[in-house]
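Asker: Starting from the structure of chain W, add chain F where the hints point.
Number of protein chains: 2
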Amino acid sequence: METNLIFHRNFAGMEKQLQRYRFPVFPQDVDGKQHLRMVALESCILNTAGLAAAENGFGSVDMINEGVTWVLSRLAIEMRSLPEQYTDMYIETWVEDYGRLLTTRNFTVYDHEDRPIGHACSLWALMDMKTRRPVNLQTHPDLQRFANGVPSPIAKPDKIGAVQGEPKAEHRVSYSDIDFNGHTNSMKYVEWMLDAYPIERLYERRIRRFELNYQHEALHGEQVRICWEDSEGQTAFAVQSADGKDFCRARIVWGNAWE
Amino acid sequence: METNLIFHRNFAGMEKQLQRYRFPVFPQDVDGKQHLRMVALESCILNTAGLAAAENGFGSVDMINEGVTWVLSRLAIEMRSLPEQYTDMYIETWVEDYGRLLTTRNFTVYDHEDRPIGHACSLWALMDMKTRRPVNLQTHPDLQRFANGVPSPIAKPDKIGAVQGEPKAEHRVSYSDIDFNGHTNSMKYVEWMLDAYPIERLYERRIRRFELNYQHEALHGEQVRICWEDSEGQTAFAVQSADGKDFCRARIVWGNAWE
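These protein sequence lines are chains W and F, in that order.
Start counting the first sequence at 793; every next residue gets the next number (our numbering).
Start counting the second sequence at 793; every next residue gets the next number (our numbering).
It is possible that some hints are incorrect.
Given that identical chains are not distinguished, each listed pair holds provided it fits within a single copy or across any two copies.
Unchecked claim - Below, computed lysine-lysine pairings styled on BS3-like, alpha-carbon distance capped at 30 Å:
id, residue 1, residue 2
1, Lys808, Lys825
2, Lys1037, Lys808
3, Lys922, Lys951
4, Lys1037, Lys825
5, Lys960, Lys1037
6, Lys960, Lys948
7, Lys825, Lys948
8, Lys825, Lys922
9, Lys1037, Lys951
10, Lys960, Lys808
11, Lys922, Lys808
12, Lys1037, Lys948
Derived from the structure by calculation, the hints contain no laboratory data.
One chain only, chain W, in its complex shape:
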């Protein structure tokens, strides 16, 4: 696809190679206040990760051939402003490091005039498809050559605690939630969470920081429950199974409304 540019940027005096992708913002990507939807932004960030990994030779298709698969564990996003409908945004990405169980991939989002407008930081595990257990990334030394050590300007995504309170909504996992690999699309949990939250509280504030923890996967046909709990300047969300197991947790740190 005609999406990629190889790019170089200077980090602390060192020239580093990045991968850069263009995403147009279409009307369906913005909400009723004409602000980019978190789901649309997450979708572009995850597509960036997928395209970049594939070009480096360790995309999902390559890894499945090796019997392993990338699993998104945590994600944090902070935006200072949002790209507007009918403009292009650009996302640059690089791999920061490989730990034993998690690798860190960072992102910077640029608007159509190439101004940096936000950042994201993601943590990924590599899962053995047979045992369903995480793989020690140190046993894949070929991955290391893509790690450039450059940290994200934003804090890494943190562990989110359990959410208290009664479920606010339910959803049955359906055809449109299921991915090419038969799994529930990561973005869909976010869609269910935000749809369960009062729309006027989404419209009257902006999301200053968004954090996600992915824990278990909801399956097709499963009835999931969505919980949320407001606290001072924050809201915590969980998507749960009928017996209270968390599939996904999220935390929003709220800011004032977009100007």
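Answerer: Just chain F, lined up with the frame of chain W:
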């Protein structure tokens, strides 16, 4: 945005100007069988219409300034094959004609090797935003210069009859369903319909022809019901209000599974 190409094609010996747009197919655009989702395809078709109209000076923003708005009335789509994940598709569009109440906009879909793989035909009305009544398009002679008279190779979308039978599912219109203009996104009705239909019947056949009639708009917070009814080689769908008014009807003509 960097999406547009002006293109010329020969129709029956006449050189006609078309507008052409590129759309990458990302993982979230395909279903569990790796086939392009009808919702993703409709989204690209409607974005093509929106971009082309805007470049011609009668996009939704221009029209709202004149106190009128384009309303999609009917849509028909027929695909011979589908573009694959991580490839680009191209959609070309032109305005065929302007009647008194409806204008016809046609589309041809090309795969990444520029092979024509499908067609779409859409009918649009122009609605007065104050009276909520359709406008006589003959009172907008400025529109006429974009009509080139070239028909679509597929039949125009037909009127779809009422659907019999009990509702199969319900949905509450939520944050993620609402467009930049506060209206329910046209694609969402299709998502609700297909999500209410048995997934295995979607997976075991292909959609040979897809027809949509948009009748009324569902509002935020509204609880809608989804009905469908199978008949010989076809399925009819309706999204209805609690008191049985149809918001949207659709008909699928089924073909054998994709190879």
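Asker: Taking the hints in turn, state whether each one holds.
Answerer: Structure-based check of all given hints:
With identical chains, the CA atoms of Lys808 and Lys825 are never at most 30 Å apart, being 37 Å at best within one copy and 39 Å at best between copies. Taking CA atoms no more than 30 Å apart as the test, Lys1037 paired with Lys808 passes in neither setting, with 42 Å inside one copy and 59 Å between copies. In this assembly of identical chains, Lys922 and Lys951 lie within 30 Å of each other by CA distance solely inside one copy; the values are 27 Å within and 51 Å between copies. In the homo-oligomer, the alpha carbons of Lys1037 and Lys825 lie at most 30 Å apart only across protomers (28 Å), although the nearest pairing inside one protomer, at 34 Å, exceeds that limit.
Taking the shortest alpha-carbon separations for Lys960 and Lys1037, both the intra-copy value of 16 Å and the inter-copy value of 28 Å come in at or below 30 Å. Taking CA atoms no more than 30 Å apart as the test, Lys960 paired with Lys948 passes inside one copy only; the shortest distance there is 29 Å, against 44 Å between copies. When the C-alpha separation of Lys825 and Lys948 is checked against a cutoff of 30 Å, the pair qualifies only within one copy, where the shortest distance is 29 Å, while the shortest distance between copies is 35 Å. For the identical chains of this complex, Lys825 and Lys922 are inter-copy neighbours only, at 21 Å across copies versus 45 Å inside a copy, given an alpha-carbon limit of 30 Å.
Only within a single protomer do Lys1037 and Lys951 lie at most 30 Å apart by alpha-carbon distance; the minimum there is 16 Å, versus 47 Å between protomers. Within a single copy, Lys960 and Lys808 get their C-alpha atoms no closer than 46 Å, and across copies no closer than 55 Å, so neither meets the 30 Å cut-off. Proximity of Lys922 and Lys808 under a CA criterion of 30 Å is satisfied in neither setting, with 36 Å inside one chain copy and 56 Å between copies. When the C-alpha separation of Lys1037 and Lys948 is checked against a cutoff of 30 Å, the pair qualifies only within one copy, where the shortest distance is 24 Å, while the shortest distance between copies is 49 Å.
Comparing the model with each earlier hint shows violations of hints 1, 2, 10, 11; every other hint is respected.
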